[in-house]
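**Q** Protein sequence lines correspond, in order, to chains W, U and C. The opening residue of the first sequence carries number 1 in this note's numbering; numbering runs sequentially from there. The opening residue of the second sequence carries number 292 in this note's numbering; numbering runs sequentially from there. The opening residue of the third sequence carries number 680 in this note's numbering; numbering runs sequentially from there.
These are computed hints drawn from the structure, not numbers from a lab. Don't take each hint at face value.
To be verified - Below, simulated SDA-like cross-link-like pairs (lysine to any residue); rule was C-alpha separation at most 25 Å, straight line:
| id | chain 1 | residue 1 | chain 2 | residue 2 |
| --- | --- | --- | --- | --- |
| 1 | W | Lys159 | U | Pro419 |
| 2 | C | Lys727 | W | Asn43 |
| 3 | C | Lys806 | W | Gly234 |
| 4 | W | Lys179 | W | Gly234 |
| 5 | C | Lys727 | W | Val124 |
| 6 | W | Lys159 | C | Lys806 |
| 7 | C | Lys806 | W | Arg100 |
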Amino acid sequence: MTDPLHELADKQAALGEVRGAPAPDPVNAPMIRHWLAAMGDANPVYLEQGVAPPAMAQVWTMDAPRDRSPVDDVLAALDDAGYTGVVATDCGQTYHRYARLGERLTPATRFTDLAGPKRTALGVGFFATWNVTWYDEDHRPVAEMLFRVLKFRPPEVGKPYPLQPAVNQDTAFFWEGAKQGELRIQRCADCGALRHPPGPMCPACRSTARTHAVATGRGTLHSFVVHHHPPVPGRELPFVVGVVELPEGVRIVGNVVDCPIEKVEVGMPLRVTFRPMDDRLVLPLWTPEEA
Amino acid sequence: MLSGRAAIGGIGATEFSKESGRSELRLAAEAVLAALDDAGLSPADVDGMVTYSQDTNQEIAVARETGVGDLTFFSRVEYGGGAACGTVAHAAMAVATGLARTVVCYRAFNERSGRRFGQPNAGLSGEPTSQGLEMSWHVPYGLITPAAWVAMFARRYMHVYGATSEDFGRVAVTMRRHAATNPAAWFHGRPITLEEHQASRWIAEPLHLLDCCQESDGAVALVVTSAERARDLRRPPALITAAAQGSGAGQMMMTSYYRDDMTGLPEMSVVARQLWEMSGLSPSDVQAAILYDHFTPFVLTQLEELGFCGRGEAPGFVRDGGIALDGALPVNPHGGQLGEAYIHGMNGIAEAVRQLRGDAANQLAGVTNVLVTAGTGVPTSGLILSSG
Amino acid sequence: MTPETLPETLPELAIDLTPTLIVSTALATRDFTPVHHDPAIARAQGSKDIFLNILTTMGLVERFVTDWAGPRAVIERVDVRLGVPAYAGDRLTFGGTVTSRAGGRVTVRVHGRVSLGDHATGTVTLKEDGRC
Ligand SMILES: [Zn+2]
Numbered sequence: 001m002t003d004p005l006h007e008l009a010d011k012q013a014a015l016g017e018v019r020g021a022p023a024p025d026p027v028n029a030p031m032i033r034h035w036l037a038a039m040g041d042a043n044p045v046y047l048e049q050g051v052a053p054p055a056m057a058q059v060w061t062m063d064a065p066r067d068r069s070p071v072d073d074v075l076a077a078l079d080d081a082g083y084t085g086v087v088a089t090d091c092g093q094t095y096h097r098y099a100r101l102g103e104r105l106t107p108a109t110r111f112t113d114l115a116g117p118k119r120t121a122l123g124v125g126f127f128a129t130w131n132v133t134w135y136d137e138d139h140r141p142v143a144e145m146l147f148r149v150l151k152f153r154p155p156e157v158g159k160p161y162p163l164q165p166a167v168n169q170d171t172a173f174f175w176e177g178a179k180q181g182e183l184r185i186q187r188c189a190d191c192g193a194l195r196h197p198p199g200p201m202c203p204a205c206r207s208t209a210r211t212h213a214v215a216t217g218r219g220t221l222h223s224f225v226v227h228h229h230p231p232v233p234g235r236e237l238p239f240v241v242g243v244v245e246l247p248e249g250v251r252i253v254g255n256v257v258d259c260p261i262e263k264v265e266v267g268m269p270l271r272v273t274f275r276p277m278d279d280r281l282v283l284p285l286w287t288p289e290e291a
Numbered sequence: 292m293l294s295g296r297a298a299i300g301g302i303g304a305t306e307f308s309k310e311s312g313r314s315e316l317r318l319a320a321e322a323v324l325a326a327l328d329d330a331g332l333s334p335a336d337v338d339g340m341v342t343y344s345q346d347t348n349q350e351i352a353v354a355r356e357t358g359v360g361d362l363t364f365f366s367r368v369e370y371g372g373g374a375a376c377g378t379v380a381h382a383a384m385a386v387a388t389g390l391a392r393t394v395v396c397y398r399a400f401n402e403r404s405g406r407r408f409g410q411p412n413a414g415l416s417g418e419p420t421s422q423g424l425e426m427s428w429h430v431p432y433g434l435i436t437p438a439a440w441v442a443m444f445a446r447r448y449m450h451v452y453g454a455t456s457e458d459f460g461r462v463a464v465t466m467r468r469h470a471a472t473n474p475a476a477w478f479h480g481r482p483i484t485l486e487e488h489q490a491s492r493w494i495a496e497p498l499h500l501l502d503c504c505q506e507s508d509g510a511v512a513l514v515v516t517s518a519e520r521a522r523d524l525r526r527p528p529a530l531i532t533a534a535a536q537g538s539g540a541g542q543m544m545m546t547s548y549y550r551d552d553m554t555g556l557p558e559m560s561v562v563a564r565q566l567w568e569m570s571g572l573s574p575s576d577v578q579a580a581i582l583y584d585h586f587t588p589f590v591l592t593q594l595e596e597l598g599f600c601g602r603g604e605a606p607g608f609v610r611d612g613g614i615a616l617d618g619a620l621p622v623n624p625h626g627g628q629l630g631e632a633y634i635h636g637m638n639g640i641a642e643a644v645r646q647l648r649g650d651a652a653n654q655l656a657g658v659t660n661v662l663v664t665a666g667t668g669v670p671t672s673g674l675i676l677s678s679g
Numbered sequence: 680m681t682p683e684t685l686p687e688t689l690p691e692l693a694i695d696l697t698p699t700l701i702v703s704t705a706l707a708t709r710d711f712t713p714v715h716h717d718p719a720i721a722r723a724q725g726s727k728d729i730f731l732n733i734l735t736t737m738g739l740v741e742r743f744v745t746d747w748a749g750p751r752a753v754i755e756r757v758d759v760r761l762g763v764p765a766y767a768g769d770r771l772t773f774g775g776t777v778t779s780r781a782g783g784r785v786t787v788r789v790h791g792r793v794s795l796g797d798h799a800t801g802t803v804t805l806k807e808d809g810r811c
């Protein structure tokens, strides 16, 4: 690989092990006691024998002044390239021996590997791996750690769906209902007539008093088109739009989804499904009703 | 009563192209001058102007460019191509009531090289106006193009009457055959076969590309004046025997899917009823029809709504050659919008005038009454023009 | 304790992830990252709540194994694959089995699960009776 990210990774790996600042405090009983209490670890061996729980290796150097490590440049470059998401995937620790009270440990970091780009469940990303070794004052290794993170490009969340409905006080109830998983049909509060699309005045009795019914969510395909051309923003081609007749006696337009296009036919039974199009719009769409 | 009070005394047009290379206002001005010249009138004679709500050229701007002075009447007609015959209806009313003496109706656009109506426009549902709200029940689902809006009706028509894509295709084939012998048509000399129609790509199933009319740049203008005065003009008048607009119950702009029957065009039925009543004529009295043909399926529906055949019988009527030049009802001898040009129906009115004058490219014999319709699927309008 | 006395299956360890536990372990590991103690910040960054830090996960794996192996055991190696977050309010349940045993060295397969799935899975290698 010769792209800039791998070039940088190779350069940082070539630096080898880079020493950091020594731990600010020697291995000490109060921090061990604090750790054991927080973990609920009743193992008496540590305080009895004056050794630290081995998993504390990194704890001793958490407060050390942070010099720039070979890892930081790689992570920053990944951020700049849009791989801003991060999640740790692996942590492996090898303990040569347990650290003893009074010892002062010094970490050293080595960047080992950059793998990717790879397609992951979180999005496309790179796996970055590095190793840290904690040395004692005689420069002998006490513990080692392999650490791996996935730096990923977050999927475009919150990208607005381009085909938004206009909404006003006569229609808001419908779109609110869709967000709550309800297919709402306007009902005249006076004569009870159901109506879709809704409006401010009942065409049957001229009442402006309105309420709504929640439809059963079943319907029959009355007509449909398969849109092939031209491209429509926010939509993958081809797609199906139908007029759906509800048992409640009104019709509504919506997409027929989760059905092979050649299987779509006038008269087919449908069931409503609610699909978020972005973080503010939910559309009621239609899937084949299982027989 | 409006019948016979006014007439179309002049017609004018620019060339029909895919890229006019000129501004829409210039196209309008050129067509208006051509129509006045055809009538033997001058801009000084004009005191009224009517166009479509969708036209981008205001009446005052066209008046300024053409040197027209005072206007005592100006008006716009709504609903896209549904406005076509409505402009003549408004002009005829103005003339008949004395609001104006000479009214020019025009439509000018660069629909191919400029803003194309067939392209998705998410802004259709952008504002909570009554139309924006109406669109909001359709646009979010990607139901956003005129072809798709019409295809929804067409599928239901096929389902109910057993019509096929070939039935729609025969309309396109006939229109292209007519255009092939009309030198003014974009598709002059370029007929198509039914096989080519079937092989053309899907736009919005069940509509193929060749079910959809072309897109054009161009302008057409008409001069409307009183019947008496029209008789003294340079060319023979086309009397306005009937003029009507129509909208049906539960009407929407182009998505009236919520009415009981999706296989008809109730708004065209409203127009038809008025045309026959106002003219005192019946379908057998017209020798040609100019039927709005932006998409083929609605040509079939119009034949039924206007009474030229019964419900569900239009596919058979067309299959039997009924709309050909030698058919029972020759339709769009100029090739229609599928063949000649898409000037939002205005070019069809000009063709009706030519057929009455006797100087059309595909002139029919013995034409005394021509029925003309405007945009379909939308609130619409119609005319019966007669020789006189 | 002799090698033979260690059972093949480790006794389950269930830990209620109270906010107190999440915060106190984070601080005991000297990890002051706000997502491990400040719910508002954690939520603002897209998390459901505050969650366990990795150093604590390693510490709890170690505790789980030594609870079973006893004070004479010496941990030599812990390899953990990290999975779903362990949020406050959830319960972290450890289980494990011995996968190999040779020369006083035992390898244990370990998993720690929360309601969302596997939080940590891995292996721990230890000497059953060693010198620290
Ligand atoms: Zn009512």
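**Q** Determine for every hint whether it applies to the structure shown.
**A** Status of the hints after comparison with the structure:
1. W/Lys159 / U/Pro419: Given pair lysine 159 of chain W, proline 419 of chain U holds - Cα atoms ~23 Å apart, limit 25 Å.
2. C/Lys727 / W/Asn43: violated (33 Å)
3. C/Lys806 / W/Gly234: With Cα atoms ~60 Å apart, lysine 806 of chain C and glycine 234 of chain W exceed 25 Å; violated.
4. W/Lys179 / W/Gly234: holds (19 Å)
5. C/Lys727 / W/Val124: Holds. Lysine 727 of chain C to valine 124 of chain W sits at ~23 Å (cutoff 25 Å).
6. W/Lys159 / C/Lys806: violated (54 Å)
7. C/Lys806 / W/Arg100: OK: lysine 806 of chain C and arginine 100 of chain W at ~18 Å, within 25 Å.
The structure is inconsistent with the numbered hints 2, 3 and 6, although it conforms to all the rest.
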